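Required output: the full structure, derived from the provided sequences and hints.
Going line by line, the protein sequences match chains A and B. Residues in the first sequence are numbered from 582 upward in steps of one, following this note's numbering. Residues in the second sequence are numbered from 4 upward in steps of one, following this note's numbering.
Hints may be right or wrong, so weigh each one.
[Claimed, not checked] Incomplete in silico selection of chain A near chain B, CB under 10 angstroms:
| no. | residue |
| --- | --- |
| 1 | A678 |
| 2 | V787 |
| 3 | R841 |
| 4 | N845 |
| 5 | L848 |
| 6 | G867 |
| 7 | T873 |
| 8 | P880 |
| 9 | P882 |
[Unchecked claim] Restraint-style ranges between C-beta atoms, simulated for each label pair:
| no. | chain 1 | residue 1 | chain 2 | residue 2 | range |
| --- | --- | --- | --- | --- | --- |
| 10 | B | G255 | A | G709 | 57 to 63 angstroms |
| 11 | A | F710 | B | T89 | 52 to 58 angstroms |
| 12 | A | F710 | B | T277 | 46 to 52 angstroms |
| 13 | B | G135 | A | N751 | 46 to 52 angstroms |
| 14 | A | P866 | B | A102 | 39 to 45 angstroms |
[To be verified] Facing chain B, a subset of chain A residues (Cβ under 8 angstroms, in silico):
| no. | residue |
| --- | --- |
| 15 | S708 |
| 16 | L716 |
| 17 | N901 |
Source of the hints: derived by calculation from the structure; they are not laboratory data. Model, not experiment: these values are computed from the prediction. Cβ atoms here follow ideal geometry from the backbone N, Cα and C, with glycine treated the same way.
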Amino acid sequence: MKKAVLLGGVAGVAMALLAVMGTGGGTALADGGPHVIESGATPDKCAGCHRIHTGQNEFLLKQASTVADFCYSCHGTGGPGSDLAVQEGTFYGAAAAGPPYGGKTPSATLGLRAGGFDYARINTTDSGFETIGALATPQPVTSWHTNDGTVAGTVWGNGALNSGAGPIYNLECTSCHDPHGNGNYRVLRSVPTGSSGTGTPTPAPVVIADQANPKVYTTSNYFSTGPVDGAQLSSWCATCHTRYLAGPIANSGDTIFTFRHRSNGALGTTCIKCHASHGSNASMPGNPVTGTTYSATVPWPGGGSGTTDTNNSRLLKMDNRGICIKCHTGY
Amino acid sequence: MNNERRAGTTAWAIAVAAAVAVAGLWTASALTPGAASAAPPSPHLSAGTITDTCAACHRSHTGQENNLNKAAVPQSTLCFSCHDGTGANYNVAAEFSDATVPANDPATSSFYSHPATTVSSHTSGQIDEFAGVLNRHSACGDCHNPHKSSAAAPTESGSGWTASGALTGASGVAASAPLVWKNPIGYEYELCLKCHSGYTRLLSYSKESYKKTDKAAEFDPANASYHPVEAPGKNTTTEMANSLAGGTLWNGFTPASTIRCLSCHGDYRTAAATPAADARLAPHTSSYRGILIANYRDRTLKPASEAYDSNDFSLCFLCHSPAPFSDASEASRPDTNYRFHGKHLTNIEGVGAGGLDIDTAGEGQGNAICAECHYRLHGTILAPWPGNQDYSRGVNFAPDVQPLSGQPDPLWSGPTSRTCSLICHSKNHDAESY
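What follows is the structure, encoded as structure tokens:
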């Protein structure tokens, strides 16, 4: 029932990579394993995903499904074809990373950095100083980048100043990740598809150099941004979320995204410091003691009604606004 | 499952978050003193690891002012979204919309409200925006730190009253030499000194009664005379004690007490309810000039035909017994050191033929007003007559009072020898004793 949908992404972390189907061949590594264009005259990996004459969709993929579903055939729950089960934010390679896949015991201490699309393992109530640990058991996500290619979502902040809240786009895994490999960190596209929106300029490409081997896709502390240059990754996020990228607080001139928290990496403030790019299991219960529901009733950018939804975390890594006081400890 | 997660399906982005508690500040008055256990949910304070409160006021990516507040400047817009009678105990918005509060008139140095509802140059209450510059403004965050505020009442000490919970975490100026920025303040008056002392640049006026004086200089306990804001006063006589015991509102003070700036500059509405000395007395607005908590006539002299009216000096009588001032008997009293107080205030109608401006030499034609002999009320050190600047007992003469011929200043010989040598309302006092 639970259709494998989600992926997408801003800070693409670890996963969403199309993997070999039933071949058992190759390690599932971003810009490695099956996700490379093989050199030489006799490549073998194309057949992991594609069928030239019997393709089941416009991408000649061998399965008739959404791109996300196809991705989940390896990166889905249980990690059938990869240790990186992005669908449930779980890492299955704790004891022995790499093939054979499926049937492994999930790590109880490590989660996938970007969270997950159906489940995630972020300890969203972690009271530790500068730590947001990983949960032993995945929890349903409360917000995620839609990734099945069929659900229209708002590309918040995309486009030039005063161009509205953002255009609509149907995001899918391959909007952000290049399944054929491109040498970039997490095979992120330098220019995500749809990032130009409607009537908005094409963003400048952002190339993030890939992580050296051995690549690490997991974390036990979600407050850490990991191996990537956070500032660079923020720039990449801003290829879609144009007007979220900000330095010192100043009036941007935009009527919606007017004053913005610093996100450009200076002082350690980056998009992925606060947000889990695939999905988060944080909740917005408010304060049951005092009865406040401030966090659950924050309107979407540009106005409209409040979410009035305690199950919309907006990809934040902590419940309510716990993420704020991870840095602003004086409050 | 996807249906259950509908919210997320609408957002494919790092959508906003609301929150990040940045420095900015705001808020208006504090919480109910002494009512902490019954206090409603306060958005001002963090509530632990997964606090909900940041989102009450802040928007991380869609802030409308430089503290990432969700409302545009002035800060009062945000503060009044709760402090308007709907979401907080104190309806501060009503104080600023009070129809009996006149508009400020800088031309005549007449101020009735702290200008919290106008857009200003304010950036953050945690930043020193005042040192040595003319930057007059008072956004809510200049006086209140919303992230630190509490319901705590101020307490009296020999060094002044401590800052109340409403002012906790606010910045100010320490009354040291030289004056220095202090963040956070410890004493309530330190907040006031931020804007009302020589630490900053004060508004400039040539007319004496319009002048904005350096309150740090005036309250300096090293002076000969001052109202006891930073330290108890120097008049420790029994008569002073009796006078203070007879105050109409603040009758708990003694010569050993210190007082609050808010004892005089506060919410006149609150005063009507006979508050305790440590009550919330926020000096946001007042129908009385100087944001006084009660009426005080200090600029316009009395016409010849105008009888004494205690309401003219209600401010004084909050602490000081009014009885001596309506007693024209000239007899000694246990509640004043000057037996002619009553005579001067009630029984000199028609004396003199001058005008009614206290700042003009030789004026005066009727009953006296307090300010003619107690001109600079905060302290005597900045008295307009240099010869009065070391006087005790708050004595310093107004510009309408003139020196005798050959004297540089109108003179008072002090509380022991008790003579005055001056010309007042055209009447010569040539070493007149009392």
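Taking the hints in turn, this is what the structure says about them:
1. A678: violated, 29 angstroms
2. V787: With a minimum Cβ separation of about 15 angstroms from chain B (threshold 10 angstroms), the hint on V787 (chain A) is violated.
3. R841: holds, 5 angstroms
4. N845: violated, 13 angstroms
5. L848: Hint violated; L848 (chain A) Cβ to chain B Cβ min 12 angstroms, cut 10 angstroms.
6. G867: holds, 5 angstroms
7. T873: OK, holds: T873 (chain A) within 10 angstroms of chain B, min 5 angstroms.
8. P880: holds, 9 angstroms
9. P882: holds, 5 angstroms
10. B:G255 to A:G709: 57 to 63 angstroms: violated, 49 angstroms
11. A:F710 to B:T89: 52 to 58 angstroms: For F710 (chain A) and T89 (chain B) the Cβ distance comes to about 37 angstroms; the hint is violated.
12. A:F710 to B:T277: 46 to 52 angstroms: holds, 49 angstroms
13. B:G135 to A:N751: 46 to 52 angstroms: Since the Cβ atoms of G135 (chain B) and N751 (chain A) sit about 59 angstroms apart, the hinted range of 46 to 52 angstroms is violated.
14. A:P866 to B:A102: 39 to 45 angstroms: At roughly 43 angstroms between Cβ atoms, A102 (chain B) and P866 (chain A) fall inside 39 to 45 angstroms, so the hint holds.
15. S708: holds, 4 angstroms
16. L716: This hint is violated: L716 (chain A) lies away from chain B, its Cβ roughly 15 angstroms from the closest one there, beyond 8 angstroms.
17. N901: holds, 4 angstroms
Checked against the numbered hints listed earlier, the structure breaks hints 1, 2, 4, 5, 10, 11, 13 and 16; every other hint is satisfied.
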